[in-house]
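Participant: Okay, here's what each chain looks like letter by letter:
2 protein chains.
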Amino acid sequence: MKRIQGGVCAPKGFKANGIYCGIKKPGIDNQNPNLKHKNDLGLIFSDTLCATAAVYTTNKVKGAPIIVTKRNLEKTANKSRAVIVNSKNANTCNADGEEKANEMCSLTAKELGILPEEVIVASTGVIGQVLPIEPIRNGISKLAAGLAYDKNGEAATAIMTTDTVKKEYAVEFEIGGRVCRIGGMAKGSGMIHPNMATTLNFITTDAAVSAEMLQKALDETVKITYNCLSIDGDTSTNDMVSLMANGLAGNDEIMKADSDFEIFKDALYEVMMNLTRMLAKDGEGASKLLECICTGCPTKDDAITVAKSVVGSTLFKCALFGEDANCGRILCAIGYADAEFDMNAVDVDMKSEYGRIEVFRKGACLEFSEDKAAKILSSDEIQVIINLNQGKESATAWGCDLTYDYVKINGDYRT
Amino acid sequence: MKRIQGGVCAPKGFKANGIYCGIKKPGIDNQNPNLKHKNDLGLIFSDTLCATAAVYTTNKVKGAPIIVTKRNLEKTANKSRAVIVNSKNANTCNADGEEKANEMCSLTAKELGILPEEVIVASTGVIGQVLPIEPIRNGISKLAAGLAYDKNGEAATAIMTTDTVKKEYAVEFEIGGRVCRIGGMAKGSGMIHPNMATTLNFITTDAAVSAEMLQKALDETVKITYNCLSIDGDTSTNDMVSLMANGLAGNDEIMKADSDFEIFKDALYEVMMNLTRMLAKDGEGASKLLECICTGCPTKDDAITVAKSVVGSTLFKCALFGEDANCGRILCAIGYADAEFDMNAVDVDMKSEYGRIEVFRKGACLEFSEDKAAKILSSDEIQVIINLNQGKESATAWGCDLTYDYVKINGDYRT
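Top line first, the protein sequences correspond to chains V and F.
Sequential numbering from 1 applies to the first sequence in the numbering used here.
Sequential numbering from 1 applies to the second sequence in the numbering used here.
FYI, nobody ran anything at the bench for these hints, they're computed from the structure.
Honestly, I wouldn't trust all of these hints.
Quick list of the computed label-pair ranges, beta carbon to beta carbon [what the hints assert, rightly or not]:
| id | chain 1 | residue 1 | chain 2 | residue 2 | range |
| --- | --- | --- | --- | --- | --- |
| 1 | F | D371 | V | E381 | 26 to 34 Å |
| 2 | F | K75 | V | G391 | 30 to 38 Å |
| 3 | F | S379 | V | D266 | 52 to 60 Å |
| 4 | F | E370 | V | E134 | 17 to 25 Å |
| 5 | V | E262 | F | E212 | 56 to 64 Å |
| 6 | V | T299 | F | D96 | 30 to 38 Å |
List of simulated lysine to any residue pairs, SDA-like, C-alpha gap at most 20 Å [to be verified]:
| id | chain 1 | residue 1 | chain 2 | residue 2 |
| --- | --- | --- | --- | --- |
| 7 | V | K60 | F | T299 |
| 8 | V | K38 | V | V126 |
| 9 | V | K60 | F | I385 |
| 10 | V | K300 | V | E393 |
| 11 | F | K223 | V | D338 |
| 12 | F | K362 | V | A211 |
| 13 | V | K75 | V | K38 |
| 14 | V | K70 | V | K300 |
| 15 | F | K256 | F | T299 |
| 16 | F | K60 | V | P298 |
| 17 | V | K60 | F | G363 |
Beta carbons are placed, not taken as given, at the ideal position from N, Cα and C, and that holds for glycine.
Full structure from sequences and hints, please.
Facilitator: Here is the structure:
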């Protein structure tokens, strides 16, 4: 398996495009202070019908696009050909939400000559404001006309809200001698917390995989990637991951959990894990990526719980921003994780490209060089490495620091 | 029942004192930038032996004082006469923690002529730094010599860390014709989150109550006061509430859950609820108190869960700081609360001294006057009022906004 350039267009037979249609305000946009990206409508289109898997938010408030996409995939028995997605407005908690989401599907289907239920629809942005549909009606022809096999970047920028960089990742691997590819794009960067399909993520592959096995691979991989990510503890109403497989790589269709399935799942993990890291590093206001690796655990779930507890600690996130090697904050977060283990056996180290220090052994914080700690924490990627020393399971969770900019961005998000 | 002046000295027979002994750094102290309070060692002493109840942190990392206090109360079958408490250093995750906590008890007992196991010991401050015991050895005589029936304020300032104001509350009520009092003091103001006995809280009463009924009253009241408070989602290693009853009011001892018990519990609620509000309002960096009242719920636990979810939402806390009436943030937090209910029946209003607006009805955010909303949110006490319209239970949770100052305080907490 190797990383390759590109995103959702990396696999064979997937076109994409993104345009500015007018949902975002022209000129200054506080969700996009840098004006580095201004697309607000994106499209992905497969040359052939795709087996499709999806995971949705667990929030009881579900965006209208989530409801409509779920219904569409039920109608088609998990087949799809296109994704239509807008940013700036979440089309959630509006009386006319489903009507608008359905119209987005119809408009897209008509342009592409497919059925409305073959369209996955998604929206991201402000909740509780009516979605202006006119810009989409007016822009859809241009969006479809511009579809190309290399415009994944245009689509990836169209889903950005407070993101400062677009997030794409793609890999190439072989199944039964056939070259296969998986590509993905994701958006952050606030309202992100485990127990869901975090954020909007669209993944494509040309591998042939049955809808059932595709869903199994997605469920298992979401658990150890997106669901191990926390920016701010808030679970969005519009989270969705979709995974479309058009089979154009020509491999024998993966129908059961055999060795081909494992190869596919490893490749999918590589794409989703790297998108997860990108989301963490570009968390709202973030200046540092925090990666917590928890090993030596009795169960996988314990490992996930402890690692997530550390990346979710508001106090440790602040300490990280201040580059303060506050051992107590890490210990406290390990201690309130909802898992059973003996704290007196636990080891904790901190690490970055600039070195590694031991901070906790046998129930007590160690003395360490504050200079060395400061040097390690000056990196923009910090690892906290925990060994419970009471089992063989491990997991990684991802997060970021809590900064003035996070508060600034979210103190005035709507206007 | 009526509120009266004072704190832990309000009930008969309780003396207190607080001094600066030298644990805090002299001069500028970043935990105490205003230098309005500089005491770091506090003492409460009852004229007679007290029935005692306590609730401790659920964090697996427990401060040494927690372990020692628990052991002391086991030895005495829940009797105590004194509380010794220091701030600035939590005496947690240190190899010599229990030894130091025990010495604090011995030093106190010797000065007061009581048994070491009749002392409740507590510490609050930085985790993982060795507690300097010399200042306590040197200061204990002065501290004990200065005990007085009106120095509750000195004790209340001795437990402050990042608190900007001291927190005391007291009430007077009657049981069987006897005048009884309950008084309390509390410290905040970070590392505060439900599922524990939040922060350090010391409560005294002259009512006669058996140790067993005292514990029952405390457990039931903690659940709906301190455990409904969240500043930052971090559960401290040193949280403790103690409740001492010396019986000097002369009422017939409360031995069972009768009407006297209910009167006592109502008074205890009044003290603990008001201390909870004070803790929320003085949360680290906070500029606003957030009170979420959730009514119309199928169960009490559902009401608590939903109310806590809203006050715990990082995004809504930022919106509150920005005085942004972001209905979507509230809805999102209600939606991810771990309780089963129908979102389409839910009503949400926002309220303050400046008025009330309806923001959500029947599954959709309402349009409202932004001017009126801005006026309401300009208050320093904001209420979010939720009616699930699917039952008769209700609960309140307390929190605060998330500000630049929170990040600043916690970016550099140790130095």
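Participant: The structure should be examined with respect to each hint, and the outcome stated for every one.
Facilitator: Results for each hint:
no., hint, verdict
1, F:D371 <-> V:E381: 26 to 34 Å, "45 Å, violated"
2, F:K75 <-> V:G391: 30 to 38 Å, "36 Å, holds"
3, F:S379 <-> V:D266: 52 to 60 Å, "55 Å, holds"
4, F:E370 <-> V:E134: 17 to 25 Å, "23 Å, holds"
5, V:E262 <-> F:E212: 56 to 64 Å, "59 Å, holds"
6, V:T299 <-> F:D96: 30 to 38 Å, "34 Å, holds"
7, V:K60 <-> F:T299, "18 Å, holds"
8, V:K38 <-> V:V126, "16 Å, holds"
9, V:K60 <-> F:I385, "19 Å, holds"
10, V:K300 <-> V:E393, "5 Å, holds"
11, F:K223 <-> V:D338, "19 Å, holds"
12, F:K362 <-> V:A211, "36 Å, violated"
13, V:K75 <-> V:K38, "34 Å, violated"
14, V:K70 <-> V:K300, "30 Å, violated"
15, F:K256 <-> F:T299, "26 Å, violated"
16, F:K60 <-> V:P298, "16 Å, holds"
17, V:K60 <-> F:G363, "11 Å, holds"
Figure legend: structure checked against the earlier numbered hints; hints not met, in rising order: 1, 12, 13, 14, 15.
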